[in-house]
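Number of protein chains: 2
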Amino acid sequence: MKLASLKHGRDGRLVVVSDDLAWYADAGHICATLQGALDDWERVAPDLAVLATDLRNEAIPRERFHEHDAAAPLPRAHQWLDGSAYVNHVALVRQARGAEMPESFWHDPLMYQGGSDGFLGPRDAIPLADESWGCDLEGEVVVVTGDVPPGATRDEALAAIRLVGLTNDVSLRHLIPAELAKGFGFVQSKPASAFSPVFVTPDALGDWWRDGKLHRRLMVDLNGAPFGRADAGVDMTFDFGTLVAHAAKTRALGAGTIVGSGTVSNRDADGGPGRPVAEGGVGYSCLAELRTVEAIRSGEPLTPFLKKGDTVRIWVEDDRHHSVFGAIEQVVG
Amino acid sequence: MKLASLKHGRDGRLVVVSDDLAWYADAGHICATLQGALDDWERVAPDLAVLATDLRNEAIPRERFHEHDAAAPLPRAHQWLDGSAYVNHVALVRQARGAEMPESFWHDPLMYQGGSDGFLGPRDAIPLADESWGCDLEGEVVVVTGDVPPGATRDEALAAIRLVGLTNDVSLRHLIPAELAKGFGFVQSKPASAFSPVFVTPDALGDWWRDGKLHRRLMVDLNGAPFGRADAGVDMTFDFGTLVAHAAKTRALGAGTIVGSGTVSNRDADGGPGRPVAEGGVGYSCLAELRTVEAIRSGEPLTPFLKKGDTVRIWVEDDRHHSVFGAIEQVVG
Numbered sequence: 005m006k007l008a009s010l011k012h013g014r015d016g017r018l019v020v021v022s023d024d025l026a027w028y029a030d031a032g033h034i035c036a037t038l039q040g041a042l043d044d045w046e047r048v049a050p051d052l053a054v055l056a057t058d059l060r061n062e063a064i065p066r067e068r069f070h071e072h073d074a075a076a077p078l079p080r081a082h083q084w085l086d087g088s089a090y091v092n093h094v095a096l097v098r099q100a101r102g103a104e105m106p107e108s109f110w111h112d113p114l115m116y117q118g119g120s121d122g123f124l125g126p127r128d129a130i131p132l133a134d135e136s137w138g139c140d141l142e143g144e145v146v147v148v149t150g151d152v153p154p155g156a157t158r159d160e161a162l163a164a165i166r167l168v169g170l171t172n173d174v175s176l177r178h179l180i181p182a183e184l185a186k187g188f189g190f191v192q193s194k195p196a197s198a199f200s201p202v203f204v205t206p207d208a209l210g211d212w213w214r215d216g217k218l219h220r221r222l223m224v225d226l227n228g229a230p231f232g233r234a235d236a237g238v239d240m241t242f243d244f245g246t247l248v249a250h251a252a253k254t255r256a257l258g259a260g261t262i263v264g265s266g267t268v269s270n271r272d273a274d275g276g277p278g279r280p281v282a283e284g285g286v287g288y289s290c291l292a293e294l295r296t297v298e299a300i301r302s303g304e305p306l307t308p309f310l311k312k313g314d315t316v317r318i319w320v321e322d323d324r325h326h327s328v329f330g331a332i333e334q335v336v337g
Numbered sequence: 005m006k007l008a009s010l011k012h013g014r015d016g017r018l019v020v021v022s023d024d025l026a027w028y029a030d031a032g033h034i035c036a037t038l039q040g041a042l043d044d045w046e047r048v049a050p051d052l053a054v055l056a057t058d059l060r061n062e063a064i065p066r067e068r069f070h071e072h073d074a075a076a077p078l079p080r081a082h083q084w085l086d087g088s089a090y091v092n093h094v095a096l097v098r099q100a101r102g103a104e105m106p107e108s109f110w111h112d113p114l115m116y117q118g119g120s121d122g123f124l125g126p127r128d129a130i131p132l133a134d135e136s137w138g139c140d141l142e143g144e145v146v147v148v149t150g151d152v153p154p155g156a157t158r159d160e161a162l163a164a165i166r167l168v169g170l171t172n173d174v175s176l177r178h179l180i181p182a183e184l185a186k187g188f189g190f191v192q193s194k195p196a197s198a199f200s201p202v203f204v205t206p207d208a209l210g211d212w213w214r215d216g217k218l219h220r221r222l223m224v225d226l227n228g229a230p231f232g233r234a235d236a237g238v239d240m241t242f243d244f245g246t247l248v249a250h251a252a253k254t255r256a257l258g259a260g261t262i263v264g265s266g267t268v269s270n271r272d273a274d275g276g277p278g279r280p281v282a283e284g285g286v287g288y289s290c291l292a293e294l295r296t297v298e299a300i301r302s303g304e305p306l307t308p309f310l311k312k313g314d315t316v317r318i319w320v321e322d323d324r325h326h327s328v329f330g331a332i333e334q335v336v337g
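Here the protein sequences come in this chain order: A and B.
Those letters in the first sequence? Residues 5 to 337, per our numbering, in order.
Those letters in the second sequence? Residues 5 to 337, per our numbering, in order.
Read the hints as simulated data drawn from the structure, not as lab findings.
One or more of the hints may lead you astray.
Identical copies go unnamed one by one, so any copy, or any two together, can satisfy a pair.
[To be verified] 27 Å max Cα-Cα, derived DSSO-like pairs, lysine-lysine:
id	residue 1	residue 2
1	217	186
2	253	186
3	253	311
4	253	312
5	312	11
6	253	217
7	253	11
8	217	311
Just chain A, same shape as in the assembly:
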């Protein structure tokens, strides 16, 4: 089952979307919003599933689904927690800085609490008031949970995952060092993230969803050229069950909590830093990683951060190159 929120008010209008993303059926008679559905999932999800089946069978009125009409599936949420599960990425960034990475980073997930009061839709521009802030994309996989009890195990956490999707976790790189030095995490350096047009139930992903990971390549294009093709199922040190359980160690997580993987990142085939797609590698899911590799190779980063007018595209394909979650496609403006 694929769910989306068409732009409408602050919380969108819940629709069920066909598997090929071509059509939608209004779900308003079942539940007005996706948050409402997550709040009452046991009761609502079966009805939404029936609607999805009817849509597949063309048994109900349907409308054309246009990705640019979609808000973020949760246009605002009550919680957004982002991990750094691809520790390879963290190790690389540290290496470029000449900073040692604590060994504990391989066992204890890095995670920050992000702002969830207003997310960008998949085709919304990335607002950027000042290019000197060093605006970067971060291509990630996310999950949305139901209620998670405090102290949940990894298995309990996995069972609480309701939906899977993608995010562009926009980062202002030049504001990060000063904020992180204060120790209190990100506030100014993490403006609103954008999300894929649809979120998908794990069962609808079949074999691509296993071991708490999405086993597909995360496609990232920058200004129309292939930039990242890393496999989200590879080099993910902490699966989503582990990330959700980490977040729930001392407190319950409310239904509709979004948990992110952190920037997807694969090692190169030889175990070293990834190479650009143009050089036969799987590339990168953020500019910071490319700049890090450049710094390791040539002493300094060469690729600039995002400028006004740059375009970012993030998506995942099935075996026939059809989009699974729809595409995040944003212009910096």
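For chain A, the structure is supplied; the task is to place chain B on it using the hints.
Okay, now just chain B, sitting in the frame of chain A:
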């Protein structure tokens, strides 16, 4: 005007409360929830104000208001940002650790993004699975904003403040050092916060609300004994206008954003660390500060963190010793 949410579902049931906190009138015919009212404040607030006047004049049906029936005014929110505006408190804690405080801390607010997916009501127990986590109270003032545009000035931020209230920002002190060392802020070390039974519009606070500060003493009792009597209007280095503008530097803040002051803390009359209430001082709004003072005086902290069965009470009084926001009164359980 004083607003509360009676316990009901995930978002409570909006009521208007009398100035003396004795009575309430249901506001459901105007707006079902406080979040809904904040989403549409320009339209809804005048109607709520009329209801408050009618309640004052006993012109409408009213019911007894019991603080233990209240949820947090926003039982869940879309954003909770907590500052550390009483820099004196930060300086003290650092001094006890032997760590120097950067001079920038006097100009650049410390602020973290907290979890907002589920808050505790004012009389809810503080869930504590493990006493070794070092559970602490933190008595703070909070404001709730309307929509704040990105890059808002301090004056614009001040004008966007809709409500003022109190919080007990529960902290797990022994989990903090390891999380802060990672640089990504608090996740496990900040479980759900509790809020005062009512939030109050700034105009209803009269002269107590000025310069973006609440000029009243924050009363904190621990196990029935006076623990803190610090004036929230004193030694607050960053006022709420500055804190909100800090949060909005690179992004909009959605209506219903809660911004906290951080632990209220006053210097002693001689400029040194505050003394306990029993020694004629204004005491403390968290155990960590008392433990810090103990460490400075005698080489080690003496007072333990919260244990199961301990009670915490946080409130503010008017000149006749009547409660302004109602009391947060929690047992550790």
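Hints versus structure:
1. When the C-alpha separation of residue 217 and residue 186 is checked against a cutoff of 27 Å, the pair qualifies only between copies, where the shortest distance is 24 Å, while the shortest distance within a copy is 32 Å.
2. Taking the shortest alpha-carbon separations for residue 253 and residue 186, both the intra-copy value of 24 Å and the inter-copy value of 17 Å come in at or below 27 Å.
3. Taking CA atoms no more than 27 Å apart as the test, residue 253 paired with residue 311 passes between copies only; the shortest distance there is 19 Å, against 40 Å inside one copy.
4. When the C-alpha separation of residue 253 and residue 312 is checked against a cutoff of 27 Å, the pair qualifies only between copies, where the shortest distance is 19 Å, while the shortest distance within a copy is 41 Å.
5. Proximity of residue 312 and residue 11 under a CA criterion of 27 Å is satisfied intra-copy only: 25 Å inside one chain copy versus 47 Å between copies.
6. For the homomeric pair residue 253 and residue 217, the shortest alpha-carbon distance inside one copy (20 Å) is at most 27 Å, but the shortest distance between copies (35 Å) is not.
7. In this assembly of identical chains, the alpha carbons of residue 253 and residue 11 lie at most 27 Å apart only when taken from different copies (26 Å versus 35 Å within one copy).
8. For the homomeric pair residue 217 and residue 311, neither the shortest alpha-carbon distance inside one copy (32 Å) nor that between copies (39 Å) is at most 27 Å.
This entry does not satisfy hint 8, going by the numbered hints stated previously; all others are met.
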